[in-house]
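Hey, can you piece these two chains together into the complex? The hints should help.
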Amino acid sequence: MAALETSRGTTLRNAFGNVFSFFILILIGVLAFSIRLFSVIKYESVIHEFDPYFNYRVTQFLTKSGIYEFWNWFDDRTWYPLGRVIGGTVYPGLTLTAGTIWWLLNSLNIPLSVETVCVFTAPIFSAFASWATYLLTKEVKGTGAGLTAAALLAMVPSYISRSVAGSYDNEAVAIFALIFTFYLYIKTLNTGSLFYATLNAIAYFYMVCSWGGYTFIINLIPMHVLLCIVTGRYSSRLYVAYAPLVVLGTLLASLVPVVGFNAVMTSEHFASFLVFIIIHVVALVYYIKGVLSEKMFKVAVTLILSLGAIVCCAVIAVLIALVASSPTMGWSGRSLSLLDPTYASKYIPIIASVSEHQPPTWPSYFMDINVLAFLVPAGIIACFSPLSDASSFVVLYIVTSVYFSGVMVRLMLVLAPAACIMSGIALSEAFEVFTRSIKFQLPGSSVHSQVDVGVKSSENSLPQNDVAKTDKTEDTLKERPSRKNRKKEKEPVAVEKPSVRSKIEKKLLVLPLEASIISIFLLVLLGAFYVVHCVWAAAEAYSAPSIVLTSHSHDGLHVFDDFREAYAWLSHNTEVDDKVASWWDYGYQTTAMANRTVIVDNNTWNNTHIATVGTAMSSPEKAAWEIFNSLDVKYVLVVFGGLVGYPSDDINKFLWMVRIGGGVFPHIKEPDYLKDGQYRIDSEATPTMLNCLMYKLSYYRFVETDGKAFDRVRRTEIGKKHFKLTHFEEVFTTHHWMVRIYKLKPPKNRIRGKTKKSKSKSSGTTTKRSRSGKKNPWH
Amino acid sequence: MASSGTLTHLFFIVAIFSSSSFNVFSDSGADRVSELLDLQSRSTSGVIHLDDDSVSRFLTSAKTPRPYSLVIFFDAVQLHDKHELHLQELRNEFAIVTNSFITNNQDPSSPSHAKIFFCDIEFKESQTSFSLFGVNALPHIRLIGPNHGLKNSDQMDQGDFARLAESMAEFIESKTKLSIGPIHRPPILSKKQLIFATIAWLIWMPFLIKKILSGKTLLHDPKIWLSGAVFIYFFSVSGAMHNIIRKMPMFLADRGDPSKLIFFYQGSGMQLGAEGFAIGFLYTIVGLLLALVTRVLIKVRNVTVQRLVMIFALFVSFWAVKKVVYLDNWKTGYGVHAFWPSSWS
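From first to last, the protein sequence lines stand for chains A and B.
Residue 331 in this note's numbering sits at position 331 of the first sequence, and the numbers go up by one each step.
Residue 15 in this note's numbering sits at position 15 of the second sequence, and the numbers go up by one each step.
This is chain B alone, in the form it adopts within the complex (with noise of 0.2 angstroms):
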């Protein structure tokens, strides 16, 4: 009994050593972690929201070594719009590798929990920590680990945010040695909304083979294959998969004047995207007129009307055909050219 006495006493010895001098450290340490950990329960996405003061709080004020690494995205709303920088599209990624990393790490046993948070900070109301970060060029990651400084610390190259969510993952646990774990991405479909789809799909298919049988569907009208093959035709001469392949924008800005846009493209290996859809179109206007004056105007029986469209039918032909060459030539600098016989000349 007596032994068991003085254990206990020892244990209650050590317990109130060990928890005044976690007391004296409170203020740099485990405060602030329940602190990052209350923050981060309270946004939804689990990326805390720093802003300048928070950023002193947490880093330049805080002494080394931290208890926690931090990882920050540098996020700036009025650059979302620009769709080459994948701003929203990284912070997308960041926040599925901070659900996963928490959803992996909640058990507050495990090695990883609460030591490293994912924060963002906004660049209109934090400029002074962007430029203490040294941050001039978006997108910008950096993982600043508990015993750096505001620019030494690491930051998260191009080839690392590449592969998205994944790749971000294996950056940070390179560098902390801590484990992110399975990353955890939202299903597009969730489960109920598949579960419907099937059943709304398989109800739906007696009534689809019946109407098949009678032939009353859409499919039966030969307007909406006509439709669909014209409508393919025009989309893949406008080179829209060369668009969609090279995500090209439909437009650029001109460097020398930016108040004026360029809509053409000169060299043949790229176009944009609003000029392919304009030559896309005249490639296609040709046919369909030659179409209406072949098919449809020969049934008309007012001849002044049919003169009149006629003379409209030709007058845009041979416009479009004319620019058609016009800018290809401007577009790929090929001189095409006939080979008469050399006497003409």
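This is chain A alone, in the form it adopts within the complex (with noise of 0.2 angstroms):
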């Protein structure tokens, strides 16, 4: 139509396209913003979960002390008596991030508190997301498939999962640097030009401060362009796109603390340098084959193949060399159990067990990405006819992730904007065929059906803005090569041919009238779908924060803010360097909300100092208390769900400390905790179990409250109802008995006088404490 059409009026249209796009932009980023407010609509504005806490504490460290401080932290709250280097065990760029936004904010004079900060920067980066998003697929398909692309990712519940407001991970400004980078190489792979390709670098570095899956793109960059040579589309613009990013982007990342010489010396990097090498030898071939005739040519091949043969073969000797000298063939386990899917099952039980390390099931496809699913072959297809390029790297991005999300059902999040790019391809160009069908065929004006099919006619005048778009590109791409790749320029022009040819015979290509608009109206109807269905994840399975917890009964809606108050409690009434120990789970929290020190935390680096803890509480009092003691421990943290229903409680988790625990200190034995192979706690459970600290802690005075001792997670009355403790007394328990928290008694005094006059000031303190002191030996 645009031959058609006189020029003035095309530049109109254009002009007017392009600032509906603009506005349709906005609104995506309103939408990918608004609909992760639910939590803090439904909750309020608190940061969830566990890590989250971390980053919350790191961030408010880096707003007090400065970059430098936070560089060389060394963090004396956690893993007592050890403590933690932070400054190089954290992947800085989320913190950074939601620092210098902090800061800027600041200095605007607008006073938003650190932690309203960490909880929205989540929602942003998702509409940073979905702009980045609608730039990579406007390089692949044009402006129709990235505005519907954006759309779709701006909702897309795998990825609201990990970026709702209040969860406060790397994955929240990962994804957006994930896509941003793949944007900026596809750009500099279709301009070649090297602004982009230093941008790119730069967009590397910041995804590899953010998130260890930047291994994804140093593995998935090369496996392109290994492709792109293996077909036989090697230009000068690949070679462009590449080389600055492996050397500028390996300088950089090697410049992040957490990376450092992990950026040249483990395997996850290799197949990068060894394409960087196969690139070379490529671009010489390239370029020799242009220097020289065509018979010298054949003679220069086999010299250089034997040549290259020769030097290939000794990098990649030193290569295997290298990779066999260590234990694991230099490949961490959860890479490996990505290569080998079997691997981490057979092997590496602590990785195996973690719940998102888990193989997906068909319905976790249509939890995360919905409708997309139905729509992924289509944008296949489609990116194959014309295959260029762009859009052969975007098919190897969802061939890949795809079947990484389907060994680890984390990588979801992976696969999530490659399943929107490939379904905003396919749906645009649904759209644009039918709403041509519509056009083309309806009686009347063309510009009664513009009306008619509202936001599709402007999808549909884009493609072609989109042609003249890389009409342009190939211009400024005809005057910058030289001699290198004369060859090259055939290429271009072949392919332009057809497409001007195509568009031309476009006008004639139409489906039946009514069989259209049944098809528009079943695809809107579809994407109605996709919407209720993200809505309604976003408000209701995502949401949650998990430190405040709500339940709906028949008389109305319950809070259980027992965390919190827990959190509180010891923040006020114990003194600053006290050490508190609670299972993992607990240890960020701790650190972040009450600032005591704690013993182990989500952290886990340290297995052996996990399977003390896990030890003690598996112990029965006595040795419990020395070990505890032993780490000068004053206080210790269960969380129990027995009073209110709350299922991941310690006592679910129990098992799992037992056999941490058993891990390294082999006198705990599973077994002694099971009844015939069964966990229980009721009269019929194992006297070990019914002795062991874990158990007494949650347990103690718990028939006090029905008379019966009935848990309401295990659904069933407990075993031991009334017992005392000897080493331990109750100093607080939370409203709904969630968190309680036990003081170690002091150690046994030797003088008798002593010990009386202790005993006479400490009762009446409280009223359970004298309760239990009669028996107590330490009295």
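Hints in this document: simulated from the structure, not taken from any laboratory.
In this text the structure is predicted, and so the values were computed from the model without any measurement.
Backbone N, C-alpha and C fix where the C-beta goes; we use that ideal spot for every residue, glycine too.
Among the hints, erroneous ones may be present.
Residues from chain B that keep clear of chain A, each with C-beta distances beyond 12 angstroms, as calculated [said to hold, decoys possible]:
#1 D81
#2 T176
#3 K223
Think about it this way: if two alpha-carbon atoms lie no more than 30 angstroms apart in a straight line, the pair counts; the simulated DSBU-like pairs of lysine-lysine are [to be verified]:
#4 B:K175 to A:K295
#5 B:K247 to A:K669
#6 B:K175 to A:K675
#7 A:K724 to A:K708
This is the structure we're talking about:
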């Protein structure tokens, strides 16, 4: 249609389209931001779960002490008595981002608290991520596909699950960084501009700062480069896109302390170096091909081939030797379990046991990418006709990510953007075809039809807009290349011609009118279902902060705020330097909210230390007291859900404590805690179970609540109801008994007189204490 | 000379005495050992096949202490097709232990030589032996030491054959105090095959490079890449990885009614093989049909064909989406609902 219209009309329409898509993008950003606010509306502006609390604490430290202090921060509040070097062991991207936002806002005299900034970082970055998706998809298939993909990404449930307001974790910014890096790579590939190549390396650096998943990029891009070379698509643009990324990217990556020399030492990065060598060999071949005549070239090929083969063999031999010298072949356990899916289940129980490392079943796909799962194959096919460098990259992206997501449910997050891009391409193409069929067959003017189909007509006009754009890029390209790629120039022209021809033909290619109308209706219905599902997922499935719990019952809404109650109690009623022992799940929260030193936390880097706590929890009172006392522990915190029916409490996690403890200290044996292979806490339970510290601390005085001591999680009456604590005393139990805090009794004093004195002093401070004090051997 | 003569005499007397005492014993000892050795050499895998008669010959009627220990693998051919029992797998591992033991202790002077014999019993032909041992569940591996009766012999626990041949050997070594030695596994590729493959690869390499350079391989055909990509997509969304890692069966037999088969498992943590592939197919077919309509059908000139194919595609797609939504709600129990304004209801 462009041919029929005047040039003035076209520019006007283009301008209109650009303004229109700009506003659509803003709306998409608003959508991405606001769909993630359900958690704030339904609960409150609070940091979620466990890991985000650590990130929050680090951000607080950063904003208080500045970047240099942060870099050298040795944290003595955790892993007592070992401590932890924070600056060198975290991915600083998220923290620095939120810190910068906070600093910027404050210097603009907008006094937001650090917590508020942290809570809203993830929604802000999901808006960025959807814009990055727009850019990436636009590079591949045009503006229409870009807008559709961005809208899909703004509300894809898989991404929402990691980026609702309050879930302040690495993935929140990393997905944006991932997509943006891919966009810049494609942009460089399409333009051959060194400027974008440099930006690409910087975006890659940001990704390395943010998330361990950067290895996906540094393996996917070399794979694509290799694919291009093998299928004969080498061009100087490919070289510009790849070589600077490897050189600059690797240099920048090794600046991040947590990565450091890993960027050149571990096998995850070797693929990029190998491809780096290959692309140079290929570039040399192409150069020589351009310089020499046909005959000379054939001679040269044999020469270069034999020479290159020798060099390659030598390099490969060195690489293999390097890789083979390390025990796991230089690959980390997680990466290995991706390559060989059965690896983890065979050799690494710790990885296999984590729920987000499980392989997903088909409902997970429906839950996390919903109807996109139906549209992706159409997108793949659309990317193959015609196959360009950019579209082959997104195909590679979806294929690898869908495979990885099949191995580990957690990597569904990496699949989500790819699925959105593919579905965006498929949807916009389908809309284009159907609306065109309607437009050219509808009786009456084309203006009428344009009003009819609304948004879709704008999409319809956009591909041609894109063609104009690629024209432009080709133009700029033609100026650039020198003798080197004389041959290459032929290619784009050859690609260009059929696309022009097909544009003319397009007008004739239509589908029956009524069937098109039904198709459009069904596609809109599909989209509506997607929206309903996403809103539901955001509101119901992924918004619970898990620090504040709610339950609906017939008499209304109940809020359980016991965790914060307990942490507040700790911070107000204990000494600053007191040590608190709990299972590692609650380590981050305790340090962040109560500001007390913990023994173990969610950064599970020291298995022995965790096993020590596990052993203490599974030992009888006296042995446990000795272990805790040797660690200077003053308070022990247990989470107990038996009264309100909170299923993920310590009794349910207890077998893991036994297993992990038994793994290091063999006197703890799992069968001692199981009755005929069953884990139970009722009267049939084993004596070891009934006498271990975890049982006692959880169920101490439980019988006083209802007289029967009925555990609502295990749905049974507990085995041992009346008992006294000898070495611990209860100091605090929260409103719903979800968190119980105990204090270690002071060690027995050898002088009788002094014991009496201390007894008279301590008696009467709490009623609970005097009750348990009678039979206490320490007094 | 004389002294040496008496010595030889003495030696002879001792020899005769010992041999006669040996003969007295032989009915229960040496004879049986040589018989077992003979059986062992006749068997290809080194595992002696026992039946009811030989069980009574070597175990029940032989007086304790026997000069040998028997390790018996209880096998049942009719259960070989039940893969969750891993009978065949364990039988192979058992044969590997047997072979390793025989090769490690070939030398008659070694202390473990001919002290342990590895046997198997088949359920169908030796049901009485199964009941003699009190075996009512498989897999079952039993070690009958020199002093053991049938029932008080040591049974290998699940944990002992969990790590296959190595753990079986450990178990036997700990119980008998005899050494089995390192386990020899047959290599996956024999050396000759490996050399052959390398040579073939080296010869093929230049041709491959030439083909790649000239751009005439399958790799240059986008159709191959396309079908590969769609297949990997289908494979992954069907949850096949889950089935491989968890070793899920294709379907289950109904507990209440064994003639019925269960293809769909309720509960989102698990899926069956056939179920996964069925849903994976539904996931894929919609996109393929959409691509068919927008890419291929649009070039067809005949309007009736276009119309018919489109109606068919629409119908199938609608049905597939509806089916998946229904099955998902059934399987996970989630009630996805919209948030309409409260005044609407």
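How the hints compare with the structure:
The claim that D81 of chain B lies off the interface holds: its Cβ sits roughly 23 angstroms from the closest Cβ of chain A, which is beyond the 12 angstroms cut-off. At roughly 25 angstroms from the closest C-beta of chain A, the C-beta of T176 of chain B stays outside 12 angstroms, upholding its exclusion from the interface. Consistency note on K223 of chain B: stated as away from chain A, yet its beta-carbon is not over 12 angstroms from all of that chain's, at 8 angstroms minimum. This hinted pair does not check out: K175 of chain B and K295 of chain A have alpha carbons roughly 76 angstroms apart, beyond 30 angstroms.
Distance restraint check for K247 of chain B and K669 of chain A: the Cα-Cα separation of roughly 29 angstroms lies within the 30 angstroms cut-off, and the hinted pair is therefore satisfied. Proposed proximity of K175 of chain B and K675 of chain A is supported: the alpha carbons are some 27 angstroms apart, at most 30 angstroms. Under the criterion of a C-alpha separation no larger than 30 angstroms, the hint pairing K724 of chain A with K708 of chain A is consistent with the structure, at around 17 angstroms.
Hint compliance for this structure: hints 3 and 4 are not met, and every other hint is.
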